[in-house]
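There are 2 protein chains.
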Amino acid sequence: MKLYNTLTRQKEEFKPINKDRVNMYVCGVTVYAPLHMGHIRTYIAYDVMAEYFKNFLNYNVFYVRNITDVGSVVGDADQGEDKIELKAKEERLHPLELVDRNIKGMWEGLDAVRCARPNISPRATMHIVEIIEAVQKMIDRGFAYEIDGDVYCDVSKIKNYGILSGNTLDKLEAGARLDIDDKKHNPNDFAVWKKARSGSVLKWNSPWGLGYPGWHIECTVMSTKYLGQTFDIHGGGRELAFPHHENEIAQSYALNGTQPVNYWAHTGMLTINGVKMSKSLGNYITVEDAINKWGAVNLRWFLAGSKYNSPVNIADESIEASNAGLGRIENMFFNLKKNVGNVYNEELSQYLDDLAANFKNEMDDDLNTPNAIAAIYDFVKQANIIIASGNYNKQNVEEIIGYFKLVDKVFKCFDFLNDNVKTNNKEEQVKQLIEKRNEFRKNKDYKSADEIKQQILALGAEIFDNKDGTTSYKLK
Amino acid sequence: MKLYNTLTRQKEEFKPINKDRVNMYVCGVTVYAPLHMGHIRTYIAYDVMAEYFKNFLNYNVFYVRNITDVGSVVGDADQGEDKIELKAKEERLHPLELVDRNIKGMWEGLDAVRCARPNISPRATMHIVEIIEAVQKMIDRGFAYEIDGDVYCDVSKIKNYGILSGNTLDKLEAGARLDIDDKKHNPNDFAVWKKARSGSVLKWNSPWGLGYPGWHIECTVMSTKYLGQTFDIHGGGRELAFPHHENEIAQSYALNGTQPVNYWAHTGMLTINGVKMSKSLGNYITVEDAINKWGAVNLRWFLAGSKYNSPVNIADESIEASNAGLGRIENMFFNLKKNVGNVYNEELSQYLDDLAANFKNEMDDDLNTPNAIAAIYDFVKQANIIIASGNYNKQNVEEIIGYFKLVDKVFKCFDFLNDNVKTNNKEEQVKQLIEKRNEFRKNKDYKSADEIKQQILALGAEIFDNKDGTTSYKLK
Chain A
0 MKLYNTLTRQ KEEFKPINKD RVNMYVCGVT VYAPLHMGHI RTYIAYDVMA
50 EYFKNFLNYN VFYVRNITDV GSVVGDADQG EDKIELKAKE ERLHPLELVD
100 RNIKGMWEGL DAVRCARPNI SPRATMHIVE IIEAVQKMID RGFAYEIDGD
150 VYCDVSKIKN YGILSGNTLD KLEAGARLDI DDKKHNPNDF AVWKKARSGS
200 VLKWNSPWGL GYPGWHIECT VMSTKYLGQT FDIHGGGREL AFPHHENEIA
250 QSYALNGTQP VNYWAHTGML TINGVKMSKS LGNYITVEDA INKWGAVNLR
300 WFLAGSKYNS PVNIADESIE ASNAGLGRIE NMFFNLKKNV GNVYNEELSQ
350 YLDDLAANFK NEMDDDLNTP NAIAAIYDFV KQANIIIASG NYNKQNVEEI
400 IGYFKLVDKV FKCFDFLNDN VKTNNKEEQV KQLIEKRNEF RKNKDYKSAD
450 EIKQQILALG AEIFDNKDGT TSYKLK
Chain B
0 MKLYNTLTRQ KEEFKPINKD RVNMYVCGVT VYAPLHMGHI RTYIAYDVMA
50 EYFKNFLNYN VFYVRNITDV GSVVGDADQG EDKIELKAKE ERLHPLELVD
100 RNIKGMWEGL DAVRCARPNI SPRATMHIVE IIEAVQKMID RGFAYEIDGD
150 VYCDVSKIKN YGILSGNTLD KLEAGARLDI DDKKHNPNDF AVWKKARSGS
200 VLKWNSPWGL GYPGWHIECT VMSTKYLGQT FDIHGGGREL AFPHHENEIA
250 QSYALNGTQP VNYWAHTGML TINGVKMSKS LGNYITVEDA INKWGAVNLR
300 WFLAGSKYNS PVNIADESIE ASNAGLGRIE NMFFNLKKNV GNVYNEELSQ
350 YLDDLAANFK NEMDDDLNTP NAIAAIYDFV KQANIIIASG NYNKQNVEEI
400 IGYFKLVDKV FKCFDFLNDN VKTNNKEEQV KQLIEKRNEF RKNKDYKSAD
450 EIKQQILALG AEIFDNKDGT TSYKLK
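Chains A and B, in that order, give the protein sequences. Under numbering that gives the first Met the number 0, the residue at position 211 of the first sequence is numbered 210, and the numbers go up by one with no gaps. Under numbering that gives the first Met the number 0, the residue at position 397 of the second sequence is numbered 396, and the numbers go up by one with no gaps.
Extracted from the complex, chain A is given alone in its bound form (with noise of 0.2 Å):
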């Protein structure tokens, strides 16, 4: 297995420290607003890559992605108001009421599109004695420095600092400047405790006075906690490798002298029809109408289904086309159990052998899921052959779900697979169930027709008659 390093810039043989285990950390969700796009093309990522450690690898994976719930500033900057204390403001609210809602919709989200839970999802609040304790040793070995207040990592300190975004001092230094009202020594250097600001709600006493943690030291803290001082895999997205993640470097170097990753992996950015979604570019989509619109399987598939380290692009067309080709492997098993004949077919068997072949490559391949997905696709085309002639029996059938079986342990929008459910996508039933209804109503049989629409609405669905004679549907 082959993983794409950004500390290294190379693909390499991954190696975990401990034999059959692979401790992982990703970076979670700030969660002062609801979740985003972004953060379900991430976490969809390193779901697949976590799920493929396990099922195909046979690895014990420990999966921990915490919650940022303190710390993290507007703009992601070193300096001004946090996030949740701002957005708590704007809403009238007690910080914890907006911590508490986003919490909630940040598992609704994440759990429509099938993303497993972490092992454990640690909040920042939940870990502000350590934080403390780790900004005093900062402090006692000499990397960091305390004033008004404020303590600062003193990144001329920090030996390899810029080793993995490249942004080095003598770079970064090159167009630096000091704000007027920064108090710091250096421009680089960032914030590891910060002075409560006047009115805030979230603070604790510290040796510093009332304060609360960078945003930086925050995951330095809980990955070295529940991961150790080294562990394997530091997730998140492509955005936050420089500072965030360059900070953790110097954290961890400044607190033990140790590297604390050995693979650094970043997912690629998100675009929606080849722009960067923002609020104020007016093409932002809230997961929540993403998954009425596409539905949420096939959000999982057309992202699963994009290479977690490249950019992907969200376009009509392309989830559509995405959508196909899982119609396509759908219709595949409909047929197959179907047609089924009385002998094994050696041809299709080989078929499936390459398949399982050709897959693993891919995977193992940096996680290579388009190409795995396209020799999905080829089994299609040549299964649809043998299985349009009836020429195989019932063990051919059983080897064919059993294996895609296994790949749905990774990917999770084989729903079709369940004999017990026709389709799950709920969206595919209120299309069929709109269907129809629109035939009883051409054959003015309203009574059946009232009969289908009390189904759709049990499905949770809303539906609208238009004037042109078409019905609109909204997914609640």
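None of these hints come from the bench; they were simulated from the model. It is possible that some hints are incorrect.
Which stretches of chain B does chain A cover? Using the computed rule of at least three CB atoms under 8 Å from a CB of chain A, they are [claimed, not checked]:
#: 1; region: 84-96
#: 2; region: 122-134
#: 3; region: 454-463
Don't be surprised by glycine CBs; every beta carbon is placed ideally from N, CA and C.
Dock chain B against chain A, hints included.
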């Protein structure tokens, strides 16, 4: 509005500290095991209380319910092993894995029975800094002492110890003995900070060495932090009155010299067929099983309809009777909409006014939900006669629906008021579909029967055709 106050042992007129606002704290779940029926009983009761204050008395309610994720000791004893540490060891999990899993299950159960989330649900481990400060303050004020890394509250210094439970020190000391390995001065002193046991995971550095908080101090710290030194209502199960709540009062006295709570409310015990529910007695029902068996709405209607501070007994017959009552209300609305005539009926309007007055009287009398619901049933009986005659008009219908929608903000069981939902009771839907399917099967229309089966499966239910011709079902 009168509330029974455990502190004064009488019903008292409710007077909030801040006009228009109710500050309310309820002891939450210790997340070492799945939710049990006692939790559901208690949190439905406080949900009804909070919703009544909001919707009928127009208060702003700020409802805090903690999550105990460390510090609760096996058997709720003062000495012994932390419940979460022990259970995690048994299940070979990191304690946080166990905690995360049980928090997930807790929300699933409480959401299912439609308890609104509290405004905030703080976790004990988010307050270790504040807990250590509180323990230090108790020592500094002479109310606590340290021995070998444990810190105990010295109850002999608490003037009014026993004020809530009646367990005054003279009564307690008559029966109390120090265990041979007890280090504390007096048998009734209780731990506010505990030395970490060897091999434990949940522990923090403190002025007294590595340790973790006592259970009682957590609630004092969290309620004070979010609601102030004295707040309006403190709730919890009856069994928490002593020692947990008595010790909360002691701690507030030790810390601030204050009475922390104006109204102490305690929910009555839950029994199953007259017997206390316990795993060892083999009559343990998980919340999931209870919801599958009776349906979340019926369970809520039954529990909300029992007096919150009286014992409640779970028995099939009682839940079925309660369910039948809910069915009578649904049936009234079915006929009400069907039989509507053209003339406004003053008598029906008067009945509704009477109901509104009686309902409020009963709810204002310490939330007497059984009597309040009896008033609803009386109205249904009176209204049904008029409804049968058809002598009422649309305005009557709207008045009745409007009032029941208000009532439903508290009870949350009248799904039939929503025009779009035939019945939101999944079990009811499944039952009706099974009946329909069996008719098709009787008529040998297996295609239609199979379509119905797909609808049942889509609802997340499994069905089993028994040899005797009946069909069983299981909701997932």
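| field | Proximity test - 8 Å, beta-carbon atoms, the region 122-134 of chain B to chain A, at least three hits | value | holds (count 8)
| message | Between the region 84-96 of chain B and chain A, are there enough contacts, at least three residues with CB-CB distance under 8 Å, for the coverage claim to hold? | response | This one holds; 3 residues, not fewer than the three required, reach chain A with a Cβ under 8 Å.
| task | Confirm or reject the coverage of the region 454-463 of chain B by chain A under the rule of 3 or more residues with a beta carbon closer than 8 Å to the chain's beta carbons. | result | n = 5 at 8 Å, threshold three: holds.
Checked against the numbered hints above, the structure breaks none of them.
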